[in-house]
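Peer 1: Using the sequences and the hints given, assemble the complete structure.
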Amino acid sequence: MLVNSEQIIEALIQTIQMVGFSFIFSIIIGLPLGILLFVTRKGQIIENLPVFTVLNAVINVFRSVPFIILLVAIIPVTRLIVGTSIGTSAAIVPLVFYAGPYIARLVESSLLEVDKGVLEAADAMGATPFQTIFRFLLPEALSSLIVNFTIATIGLIGASAMAGTVGGGGIGDLAITFGYQRFDTTTMLITVAILIVLVQGLQSFGNILSKKIRRG
Amino acid sequence: MIEFQNVSKVYNSGGKEIRALNSINLKVNKGEIFGVVGFSGAGKSSLIRCVNSLEKPTSGKVIVDGHDLTTISKKRIREVKKSIGMVFQHFNLLNSKTVYANVAMPLILSKVPKDQIKQRVSELLEFVGLGDKAQVYPDQLSGGQKQRVGIARALATQPSILLCDEATSALDPQTTGSILELLKKINKEYGITILMITHEMAVIREICDRVAVMEAGKVIEEGTVFDIFSAPKTNTAQNFVSTVMHDQIPPSILNMMERKQALNHIFHITFVGESTGSPFLSQLSKILDVEINVLFGNITELQGIPFGKLIVEIQGADTEVKRALSYMQAQQILYKEVIAHAS
Chain A
0 MLVNSEQIIE ALIQTIQMVG FSFIFSIIIG LPLGILLFVT RKGQIIENLP VFTVLNAVIN
60 VFRSVPFIIL LVAIIPVTRL IVGTSIGTSA AIVPLVFYAG PYIARLVESS LLEVDKGVLE
120 AADAMGATPF QTIFRFLLPE ALSSLIVNFT IATIGLIGAS AMAGTVGGGG IGDLAITFGY
180 QRFDTTTMLI TVAILIVLVQ GLQSFGNILS KKIRRG
Chain B
0 MIEFQNVSKV YNSGGKEIRA LNSINLKVNK GEIFGVVGFS GAGKSSLIRC VNSLEKPTSG
60 KVIVDGHDLT TISKKRIREV KKSIGMVFQH FNLLNSKTVY ANVAMPLILS KVPKDQIKQR
120 VSELLEFVGL GDKAQVYPDQ LSGGQKQRVG IARALATQPS ILLCDEATSA LDPQTTGSIL
180 ELLKKINKEY GITILMITHE MAVIREICDR VAVMEAGKVI EEGTVFDIFS APKTNTAQNF
240 VSTVMHDQIP PSILNMMERK QALNHIFHIT FVGESTGSPF LSQLSKILDV EINVLFGNIT
300 ELQGIPFGKL IVEIQGADTE VKRALSYMQA QQILYKEVIA HAS
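Line by line, the protein sequences give chains A and B.
Numbering that gives the first Met the number 0 puts the first residue of the first sequence at 0, with every later residue one more than the last.
Numbering that gives the first Met the number 0 puts the first residue of the second sequence at 0, with every later residue one more than the last.
Fair warning: there could be bad hints in the mix.
To be verified - Straight line, CA to CA, 35 Å or less: simulated DSBU-like cross-link-like pairs of lysine-lysine: (1) A:Lys41 - B:Lys187; (2) A:Lys41 - B:Lys26; (3) B:Lys117 - B:Lys132; (4) A:Lys211 - B:Lys117.
Stated by the list, open to error - Just so you have them, the derived chain A footprint on chain B, three or more residues with Cβ under 8 Å: (5) 131 to 143; (6) 192 to 204; (7) 236 to 246.
These aren't lab readings, by the way, just hints derived from the structure by calculation.
Even for Gly, the Cβ is constructed at its ideal location relative to N, Cα and C.
Peer 2: Here it is, written out as structure tokens:
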């Protein structure tokens, strides 16, 4: 085996950092965008066709660029934001550009699942759009949002493997540079095993949390 | 209290214009229970949704408690909405919140202080008979209990109007009865005006004071429940009334009569109020030389007035039958010869 346990632990920490931070920033960007996407739809509480159409198109553009290309294409933006284009923090920027629009879509689909009757009740009570979002929409969608956020996090773990291209490091990078490029089967197996445990753990956690919240 | 002036509502659905409401003029008085009945697609839903501005009329005015909803600002409309409670067919409760939180919601939206909310909610839950269910989630309740939560929620802000959108249509008959009792109690104790739409004539008979019959976006008949039930004019109204007040000879009896070829003098007799109590049929056969055969009977109560329908066969010589009829006329009993069934 070409790597030692310290290297594996360091890579694991890098992966957790990349996924953790990019997840937080992606939620900060994706959640409001997803809500906006939903509420500006036709017939929704603040229907606004121009905003919806533009937002919808922009999100589609980001979602259609393969991550490996996005990673390279936005290097100038990355440099602008974190001051460098190499390293773990530099990998977070493209990950956010990748996961933010994805989460916006997932949030939109979660909100679309909310019973229209509940929104009608909110309207009948004279709720403001702000109250409708925070008192009705989000609490009712929470369980589904958690399921979707779990999916997004797992997507981020996959994408973070490619972040090695810009020196982001992480478990995936270890698997590619040692396991794949230098034919180190043991490293490959260990890293893959770690990724499997990570994904399984996250998925179970998400499922349990969502189930605990879900009612009716 | 609620007034529709020439209200029309036109939808555009796939390039086709659908006229959900067609020049509606209707007035609901303060403190009454007003029912709107009609088949699905008649426009009842649109009508009730115009009252709290869930839908905006294409033309005409909707005046609620003196406010013209078609001209005031969005902010004012939200205020007016708070004085109107609404109960839904499918309850529309938040499944993620407890019964307590559901009932408290309208008060939270109005930024009522917490201790006042607590007091009001427990009062309301007590009133609807769910005092012990505050911390339970809606999915643990039966349909009737969910509707009680819906009603408590609708009453939270002490509205002057309660809108019921097919409030009992998803419930079984027994539960329907108890929910109607509750609505009656609300109307009596709080003097709240209730506007309800339904396709169940039994609901109208049970609690309404006045009723409007809708068809194809129009109000085709309107009057007190007594008037509509005792003398429906339009075909649709007659159909609706016949769903709860049968006035046909049961087919089995008709068959039997046909076999005996005895379908001669069949009369349809209507009693109203006082006359329901008098034993005039037995008087008839005593005074005159006729035999009375009751084929069908139905006595009910409409708004506290007894109301009965009988289908009888009067057997006897033609002259005696004629005398029987003039006797009925003298007693001011309404009758009609049922020609359709005579052979």
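Peer 1: When you check the alpha-carbon spacing of A:Lys211 and B:Lys117, does it fall within 35 Å?
Peer 2: 26 Å, holds
Peer 1: Would you check chain A against the region 236 to 246 of chain B, counting CB to CB pairs closer than 8 Å, and say if three or more residues qualify?
Peer 2: Our answer is that it is violated, as 0 residues pass the Cβ test (under 8 Å) against chain A, missing three.
Peer 1: Closer than 8 Å, Cβ to Cβ, for at least three residues: run that test on the region 192 to 204 of chain B against chain A and report holds or violated.
Peer 2: violated (count 0)
Peer 1: Verify the proposed pairing of B:Lys117 with B:Lys132, using a straight-line Cα cut of 35 Å.
Peer 2: Since the Cα atoms of B:Lys117 and B:Lys132 sit roughly 14 Å apart, the hinted pair holds (cutoff 35 Å).
Peer 1: Tell me if the straight-line CA distance from A:Lys41 to B:Lys26 falls inside 35 Å.
Peer 2: Within the cut-off at roughly 33 Å; holds.
Peer 1: If you count the residues of the region 131 to 143 of chain B with a beta-carbon closer than 8 Å to a beta-carbon of chain A, do you get 3 or more?
Peer 2: Per the Cβ count (3), the hint holds.
Peer 1: Taking only the CA atoms, is the gap from A:Lys41 to B:Lys187 under or equal to 35 Å?
Peer 2: 42 Å, violated
The earlier numbered hints that this structure contradicts are 1, 6 and 7.
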